[in-house]
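**Q** In order, the protein sequence lines correspond to chains Y and W.
Residue 1 is where the first sequence starts when you use the working numbering, and the numbers rise one by one after that.
Residue 1001 is where the second sequence starts when you use the working numbering, and the numbers rise one by one after that.
Warning: the hint list may mix true and false statements.
From the structure, some residues in chain W lie toward chain Y, with a derived Cβ separation under 7 Å [said to hold, decoys possible]:
#1 GLY1039
#2 ARG1043
#3 ARG1060
#4 PRO1064
To be clear, the hints were calculated from the coordinates, so they are not data collected in a lab.
Using N, Cα and C, we set each Cβ at its ideal position, and we do this for glycine too.
Number of protein chains: 2
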Amino acid sequence: MFDATRERVWQAHTDPRLLAQWWGRGNKLVIERYEFERGGHWRFVEHSDHGTHGFEGRFREVVPMERLSMTFDWDGMPGHPAVTTAAFEDLGDGRTKLVSTMQFYTPGERDGMLNSGMEGGMNESYVALDALLAGMK
Amino acid sequence: MFDATRERVWQAHTDPRLLAQWWGRGNKLVIERYEFERGGHWRFVEHSDHGTHGFEGRFREVVPMERLSMTFDWDGMPGHPAVTTAAFEDLGDGRTKLVSTMQFYTPGERDGMLNSGMEGGMNESYVALDALLAGMK
């Protein structure tokens, strides 16, 4: 749940200038490609003290203010894409519920991603997103 | 089973100049990208009388002469990748067995691909590959 309107939460997820401010959790994020439409490609490269990590995929569903789905392929396991889907729900009173899921082909791929530290990274990203949304008011 | 050595069958699957001669089944095939290594990208565009079809993906496993695996995303269902894997087995006497599989995330995606006429297209491709291999002797 975010203390921000659905429009703001949607913007933060789809405007590359805003994405660059929270997705990397304080690390430099270079958005190499962001073709925001069904079938378009995206590629982000995160630069941290521990090295460089590339992520990329293709948009499969773009329903403005409602649903956003894309493939997600990490350079560390190339060719093993997951599918991320985010659903945006307006709760009224300037609050928004975000239901974000990540589907994997196999349990092994899921575990590989979890063991890479992804869960902690996502939580840090959401903390950064909270701060960004608070600043957008 | 192909009446050609494993080296020839491998070459026909991995040399873009040779791929362009059979993959498109007589249609013009433009190989826009072919980064032949784990993590590299590929993109083929087939031009036929019925229109243009793009296909792309990322190499996930490249074991020379033995195994080749990649994601396969058709522009008609973008962001719904399948995984193709080909295993090359030397049968001796200049013959090679090829076991080619295509895995989908969901039955619906499998059926969508089959209904697109893909199975007939693949059979036509293999006829064209047979002819190419015969000419390489």
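**Q** Hints first: check each against the structure and report whether it holds.
**A** Against the structure, the hints come out as follows:
1. GLY1039: holds, 4 Å
2. ARG1043: violated, 10 Å
3. ARG1060: Nearest chain Y Cβ about 2 Å off; hint holds.
4. PRO1064: violated, 17 Å
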